[in-house]
Amino acid sequence: MSETIASRVTPLGRGRYALERNGRRTRAYAARVGSAVWVFLDGRVHVVANEPEAVAAGHADAPGSLSAPMPATVVAVDVVPGQAVAAGDTLVRLEAMKMEWPLAAPRAGVVRAVRCAIGDLVQPGEPLVELE
Amino acid sequence: MLRRVLVANRGEIAVRVIRACRELGIESVAVYSDADAGALHTCLADRAVRIGPAPAAESYLSVPALIAAAREAGADAVHPGYGFLSESDAFARACLEAGLVFIGPPPEALAGMGSKIAARALAERAGVPIVPGLTPADQSDAALVAAAAQVGYPLLVKPSEGGGGIGMKVVREAADLRPALTQARREAQAAFGDGTLYLERLVERPRHVEFQIIADDHGHVVHLFERECSIQRRHQKVLEETPSPALTPALRQRMGDAAVRLARAAGYRNAGTVEFLLEGAGEDARFYFLEMNARLQVEHPITETVVGVDLVRAQLLVAAGAPLPWTQDELRQRGHAIEVRVYAEDPARGHLPQAGVLALYREPSGPGIRVDAGVVEGSTVPVHYDPLLAKLIASGETREIARRRAVAALQDYPVLGVRTNLAFLAALLSHDRVARGDVDTTFLDEEGGTLLEGHHDMPPEVSTIATLEGVSALAGTASPGVPDPWQALRDVRV
Numbered sequence: 804m805s806e807t808i809a810s811r812v813t814p815l816g817r818g819r820y821a822l823e824r825n826g827r828r829t830r831a832y833a834a835r836v837g838s839a840v841w842v843f844l845d846g847r848v849h850v851v852a853n854e855p856e857a858v859a860a861g862h863a864d865a866p867g868s869l870s871a872p873m874p875a876t877v878v879a880v881d882v883v884p885g886q887a888v889a890a891g892d893t894l895v896r897l898e899a900m901k902m903e904w905p906l907a908a909p910r911a912g913v914v915r916a917v918r919c920a921i922g923d924l925v926q927p928g929e930p931l932v933e934l935e
Numbered sequence: 207m208l209r210r211v212l213v214a215n216r217g218e219i220a221v222r223v224i225r226a227c228r229e230l231g232i233e234s235v236a237v238y239s240d241a242d243a244g245a246l247h248t249c250l251a252d253r254a255v256r257i258g259p260a261p262a263a264e265s266y267l268s269v270p271a272l273i274a275a276a277r278e279a280g281a282d283a284v285h286p287g288y289g290f291l292s293e294s295d296a297f298a299r300a301c302l303e304a305g306l307v308f309i310g311p312p313p314e315a316l317a318g319m320g321s322k323i324a325a326r327a328l329a330e331r332a333g334v335p336i337v338p339g340l341t342p343a344d345q346s347d348a349a350l351v352a353a354a355a356q357v358g359y360p361l362l363v364k365p366s367e368g369g370g371g372i373g374m375k376v377v378r379e380a381a382d383l384r385p386a387l388t389q390a391r392r393e394a395q396a397a398f399g400d401g402t403l404y405l406e407r408l409v410e411r412p413r414h415v416e417f418q419i420i421a422d423d424h425g426h427v428v429h430l431f432e433r434e435c436s437i438q439r440r441h442q443k444v445l446e447e448t449p450s451p452a453l454t455p456a457l458r459q460r461m462g463d464a465a466v467r468l469a470r471a472a473g474y475r476n477a478g479t480v481e482f483l484l485e486g487a488g489e490d491a492r493f494y495f496l497e498m499n500a501r502l503q504v505e506h507p508i509t510e511t512v513v514g515v516d517l518v519r520a521q522l523l524v525a526a527g528a529p530l531p532w533t534q535d536e537l538r539q540r541g542h543a544i545e546v547r548v549y550a551e552d553p554a555r556g557h558l559p560q561a562g563v564l565a566l567y568r569e570p571s572g573p574g575i576r577v578d579a580g581v582v583e584g585s586t587v588p589v590h591y592d593p594l595l596a597k598l599i600a601s602g603e604t605r606e607i608a609r610r611r612a613v614a615a616l617q618d619y620p621v622l623g624v625r626t627n628l629a630f631l632a633a634l635l636s637h638d639r640v641a642r643g644d645v646d647t648t649f650l651d652e653e654g655g656t657l658l659e660g661h662h663d664m665p666p667e668v669s670t671i672a673t674l675e676g677v678s679a680l681a682g683t684a685s686p687g688v689p690d691p692w693q694a695l696r697d698v699r700v
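Protein sequences, first through last, are from chains Z and A. Quick note on my numbering: the first sequence kicks off at 804 and runs consecutively. Quick note on my numbering: the second sequence kicks off at 207 and runs consecutively.
Calculated from the structure, these hints are not laboratory results. Keep in mind that the hints are not guaranteed to be accurate.
Stated by the list, open to error - To spell it out: a stretch of chain Z is covered by chain A in this simulated footprint if at least three of its residues, at any positions, have a beta carbon under 8 Å from a beta carbon of chain A; those stretches are: (1) 814-822; (2) 827-833; (3) 836-844; (4) 847-853; (5) 884-890.
For each residue, glycine too, the CB sits at the ideal point set by N, CA and C.
Could you put the whole structure together from the sequences, leaning on the hints where they help?
Following this line, the structure appears as structure tokens:
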């Protein structure tokens, strides 16, 4: 890749940066959040970190496991262990921020375990249902 | 005049009401849950009273806690804001019984408008057109299935109580009705404590056009023109504007007259909004009464901007028994205003609500830009409540000027530490159909998923800045455009 973009970055303090790209100026903002840096540039936010866990604001699911995407209350569990499900079947319904969020099976399979019950307050990344 | 007002709410609307009180020389009392002890509204008011733990049911939704707080603080009036208990006739009645002025409609009007059945009956009596629909007295599945056949498909299943799209389901054919009934009933029960369902014919591709009204104790009722709120996601408004690109002066007059007629028939007092569905555009358009929101609306600032009034101030005056500060003839629309709602949510993951600390938060400013925010830099966004952070209102002489101002302001609105929909809103306002005003309530469902396409690339300067901040190596961007949450949950490592 050839060096086509000549840009200069100047810190201005309080998270502000001045940028000059090919003679055009713009501003950027940055903040440390844990071990990551969040950067605002051209109206968009980017997250940079040296560990993948810090880049992931949410949790990636372990293979075969469905986890809560946000802090929420379990309002319905539509499956039982041993049940065969098709891709798209609703497994669990969560309620958060006044809305119901149905969680559907990402693929066909058999339910190995249900790790939540109606009324549970679940946290992001907490496994809810495991598929074979 | 009122002396000391308790603001029974949180976030940006509590801040808005506290400011209006201060301008009128009225003392303000904030209430806060344990999650909001350091929140902006808590710090801004003249007094603040703790009302309970974080869950809303034990704090902002607790009538006894709020009445006790009002007594403790020596308040003589209560402003309910929007959401929470703002449309609860029980809360309004409890305030009156405690000798407090409720800054809103009388409990009887709230009860009448809170029930869609009663509101529709009232609209019919007032000669305001309504969409065909039924609420069977027998709420069994069998009776609802029979009623659905009478209403006709496609139809909407709605909770009879409440609003905001909660529990609302679209059903296109009879086979899909029963699961929708089960889910809607559960959501209605959870959100409003009442599982009664209402079936309504679905008007295809309607626009959502609402009229602001306000009434005083002296027989005056005026409307302050329309707001168009067609851009909605799952029946939650995302963008509102006024004037509506779809209304002609004659249609505007007919709808405004209908809104005032309805408010009069309801014995309404204080500020309220009459929502209509609009089918078609121009002189041939037909409008149907949808519901009345018996409170101040989230989107009230666009009306304030274009009509040049202060609605919260007017609410406070009217509640104190003063006549309305303006007559219908004095009210005019001037220019155009657009509001977008800034949410702590992740558009890349099905708009999942987000929580956290706003490590950096800098609001845009400039001509025609207003930001009504409930947060400042350093604020914590709790998991317990609606994730609305702020509202950005852009105005100008024309719609296009307002739209461009909104886009420019959104691109100059850095928020770091919590993901927001700011980039999504800028993309939305830049969409051809939004630029032309060619939208209906299906717009976001159809186009929303594509708005953030191409937002994956990270400019090289980002890693330079990260290095200067002391972090290097692995990188990911915040906004891959994946609309389906499960897809995102499986694939996104970002």
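To see whether the hints hold, each was checked on the structure:
no. : hint    : result
1   : 814-822 : holds (count 4)
2   : 827-833 : holds (count 3)
3   : 836-844 : holds (count 8)
4   : 847-853 : holds (count 7)
5   : 884-890 : violated (count 0)
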